[in-house]
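Visitor: Chain by chain, the residues run as shown.
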Amino acid sequence: MNDDLMRRIQANPRFTELVSKRSRFSWKLSLTMLAIYYGFILVVAFDPKLLGTSLAGGTVTLGIPVGIFVIVSAFVLTGIYVRRANSEFDALNRQIVEEAQQ
Amino acid sequence: MKPLSLKSLLRAALTAGAGLVSPLVLAAGTLEGPVTQRSLNWHAIVMFLLFVAFTLGITWWAARRTKSAKDFYAAGGGITGMQNGLAIAGDYMSAASFLGISAMVFEKGYDGLIYSIGFLVGWPIILFLVAERLRNLGKYTFADVASYRLSQTPVRVLAATGTLVVVALYLIAQMVGAGKLIQLLFGMSYSSAVVLVGVLMVLYVMFGGMLATTWVQIVKAVMLLSGATFMAGMVLYSAGFSVEALFAKAVEVHAKKEAIMAPGGLVSNPIDAISLGLALMFGTAGLPHILMRFFTVADAKEARKSVFFATGFIGYFYILTFIIGFGAIMLVSTNPEFKDAAGKLIGGNNMAAVHLSKAVGGDLFLGFISAVAFATILAVVAGLTLSGASAVSHDLYANVFARGRADEAHELRVSKLATLGLGIVAILLGIAFEKQNIAFMVGLAFSIAASANFPVLFLSMFWRGLTTRGAVIGGFIGLISAVTLIVFGPTVWVDVLKNKEALFAYKNPAIFSMTLAFFCTWLFSVLDRSPQANQEKSAFLPQFIRSMTGIGAEGASKH
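Residue numbers (numbering that gives the first Met the number 0), protein chains in the order written: chain F, 0 to 101; chain D, 0 to 558.
Simulated from the structure, these hints should not be mistaken for lab results. Don't take each hint at face value.
Take a look, some chain F residues computed to stay more than 10 angstroms from chain D by CB distance [stated by the list, open to error]:
id, residue
1, PRO12
2, GLU87
3, GLN101
Dumping the calculated DSBU-like pairs for lysine-lysine here, alpha-carbon to alpha-carbon at most 35 angstroms [said to hold, decoys possible]:
id, chain 1, residue 1, chain 2, residue 2
4, F, LYS48, D, LYS434
5, D, LYS434, D, LYS497
6, D, LYS415, D, LYS434
7, D, LYS499, F, LYS48
8, F, LYS20, D, LYS138
9, D, LYS300, F, LYS20
10, D, LYS138, F, LYS48
Yeah, the Cβ is synthetic: ideal placement off N, Cα and C, and Gly gets one too.
For reference, chain F alone in the conformation it holds in the complex:
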């Protein structure tokens, strides 16, 4: 990459905007995933009986929906990220690249 192109991108306020928006978003989602997973693991480690609580008096325990929730949340979080990245971030990025190459 030549220095001129680099300087123009770095000076573009849209680039700063993209970088800060994207990193804030991806760290927020990462922390959400970590919180969900480690929240689950800590309950498993410190209070396993909680997950063994019967739901509605039947055999199905609280642990079943909670476990399924962790799996589904992983998928949903990736979907949320991909949706915003494919539209908003990619559009912003396209603008940056076009402006830099003018």
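Fit chain D to the given chain F structure using the hints.
Guide: Same frame as chain F, now just chain D:
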């Protein structure tokens, strides 16, 4: 030399050399224990032959399209996000996770679910932090990214070492599992099964490169997902589509009763639990054969989509294995047909899903699931072999040995030779480890990936201050500490080496070895005040701009 003496020689040498021998908590990750050979299973054999013929056809087709290095390593960069998502799922869902996790659910119930969740949650992290930058910076291997602005030789040697160690451990686990599984399912001898797997994987990779490997993985993923869907559907059908009825029946017939509906002994120690979580989560982001898959798509957008689809398929698959495990409790454990005289499951608990396939779909479906299990192994070992061969040819040969001056034809020839070499080594190791306890190996591979590959890759993309010295010292410390702590931990020191008490109390070293690797990489980078270090830091900005915008990134080849 007679094959028998070669075998015992190798085994002796390897157990001495690889003092690494023994397990993490990942007991369910591999097939183990003695296995009795069965009579030939014709349904399975016919279906398996169809699969082999079909995949060799794919290889023949792919070979005619594999001309350049980019074709060989990255399938020309033209795989779509959806295809790559399926291929990633096919690469990641091994026979060990299909049979091992359903066996774990069969045996312990809820613990199996906890375990499988750990294998899934690394994927969103890969998407949020790694996938796009990796795609924008790299070409064929994750070493391309780690060494982007650092000194080529030492960083590539580190990355190639990390790759080859992870690939070797993973391959041994797969080969031994394959040998036992095929012996059991197809009535073939152990050694011939291992040789067959080795020969097929070399054929796929050597001639068809990444394109054939990708399609073998896609075909396998579709077969595995549809087989498992059918099985879980039949289980729910037998329970009258009532989840409550399924669990109630399972609790009624299981020896552990209600205990199978709550966490058991899997995660008893919080430190071990968190450490295992770290290894699974960040180890996934450091597995070389998985990272390599991101270079097969055209751009960052397709890389993102790959992870979205992969997470969906893998998550869905783990929900299915949970239902399959409970289905096996309900339908297999109550049926004397599947038990031996002592009341144990024929072939061990790892056969729970296989027996269930017969219970719900008869001999024909049993044949299908057996063929799927074999196909699964082939797809995983092909991906591993390609990754190992790329580390040898692209990282070690082209960039270290020839210092970037090797021409493409040469590099390709080396990668094919490396594939052949890895195939031979994998067969020999598979035979040598037949009777060894290999349950720890996949876990060790994840710990090493999290402690050696991940910190260096992550910091190279996120931290301006990383220098060559920091990366190399930190990476090797991560590698060595992960191996050492596992050897001194309960899984090797007590279970394998038969000592009374472990020198290191925890089964999972990642919380220590990964932290240590990050710390040392940081420390030796900030202490590094050489002119080279300054240059490396100032090279961060152009790298950062490329990683963010994709300007200058490798595109798909046009043909």
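Visitor: For each hint, tell me whether it holds in the structure or not.
Guide: Hints and how they fare:
Listed as outside the interface, PRO12/F is consistent with that label: its C-beta sits roughly 14 angstroms from the nearest C-beta of chain D, beyond the 10 angstroms cut-off. No Cβ of chain D comes within 10 angstroms of the Cβ of GLU87/F; the nearest lies about 13 angstroms off, and the non-interface call holds. Every CB of chain D lies more than 10 angstroms from the CB of GLN101/F, the least distance being 14 angstroms, so the non-interface label holds. Distance check on the hinted pair: LYS48/F and LYS434/D sit about 39 angstroms apart at the alpha-carbon level, beyond 35 angstroms; violated.
Between LYS434/D and LYS497/D, the direct Cα distance comes to roughly 16 angstroms. Compliance with the 35 angstroms bound is thereby established for this hinted pair. In summary, the hint linking LYS415/D to LYS434/D is supported, as the alpha carbons are separated by about 31 angstroms, within the 35 angstroms threshold. This hinted pair checks out: LYS499/D and LYS48/F have alpha carbons roughly 32 angstroms apart, not beyond 35 angstroms. Between LYS20/F and LYS138/D, the direct Cα distance comes to roughly 27 angstroms. Compliance with the 35 angstroms bound is thereby established for this hinted pair.
As the CA atoms of LYS300/D and LYS20/F are separated by approximately 17 angstroms, the hinted pair is consistent with the 35 angstroms bound. Our distance criterion of 35 angstroms between C-alpha atoms is broken by LYS138/D and LYS48/F, whose separation comes to about 49 angstroms.
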